[in-house]
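Engineer: Model the full structure from these sequences, guided by the hints.
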Amino acid sequence: MIAFISGEVVGRREEYVVVQTGGGVGYHLSVSAETLAHVPAVGQPVSLHCHLVVRDDLMALYGFASEEERDLFLMLLGVQGVGPKVALAMLSGGPPRELASALASGDVARLQSVPGIGKRTAERILVELREKMIALGAENGEITVTRGDDPRRIARDGLVELGFTIQEADGLVAGAEGESAEDLLQSALKAARQ
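The sequence shown finishes on residue 194 if you use this note's numbering, and the numbering steps up by one all the way, no holes.
In short, the hints are calculated from the structure, not lab data. Careful: at least some of the hints might be erroneous.
[Said to hold, decoys possible] Taking CB as the label site, the calculated pair distances span:
(1) A41 / E182: 46 to 56 Å
(2) E14 / R152: 42 to 52 Å
(3) V127 / Q194: 36 to 46 Å
(4) G116 / D57: 18 to 28 Å
(5) G22 / R152: 48 to 58 Å
We put the CB at the ideal spot given by N, CA and C, even for glycine.
Structural biologist: Right under this line is the structure:
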């Protein structure tokens with residue numbers, strides 16, 4: 001198993017990097033947008049954590065800027081219906097800590113905003129990973145768990161269910177007035193009609 005690669009960046013594209021190690025061997029590593037943001041320019045040294053996926057017709061190497069990102073990738077792969085491409089797309093949405101927090105808080109809308117993830121897959125991911133994320137946060141304090149019954153989040157999710165995009169829903173809820181999810185939702189819908 002290849003767990004770590006250090007070398008020089010010889011190729012850098014939107015979805016992958018090529019790292020040349022000693023002996024002139026270049027490794028093609030698929031990466032998330034989050035990891036790519038941490039990879040330096042061509043000609044610079046880089047170190048990436050890795051995971052090798054071996055299938056009947058494919059051997060693919062995935063690279064990560066941190067162990068936390070690799071661990072989340074492996075957890076996501078453990079969910080039925082989530083393959084490496086979908087897992088990388090989920091990790092591309094922001095820092096690993098943000099995704100872990102979204103999982104711990106049950107943020108279905110955040111998961112559904114990822115291309116390739118529908119409502120059923122998002123719910124399956126939450127069912128399988130939410131408790132693990134909460135346990136990780138409780139043990140080491142590295143993630144912040146927000147309450148799943150936050151009225152603003154419930155109102156936002158309700159707007160998304162009604163067909164609004166996540167960005168539209170966030171904007172409407174930000175300007176909404178009220179204490180309960182119902183009041184916030186009514187206020188947001190009223191503003192949307194104007």
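Engineer: Could you work out which of the previously given hints the structure breaks and list their numbers from low to high?
Structural biologist: Hint check: 2 fails alone, others pass.
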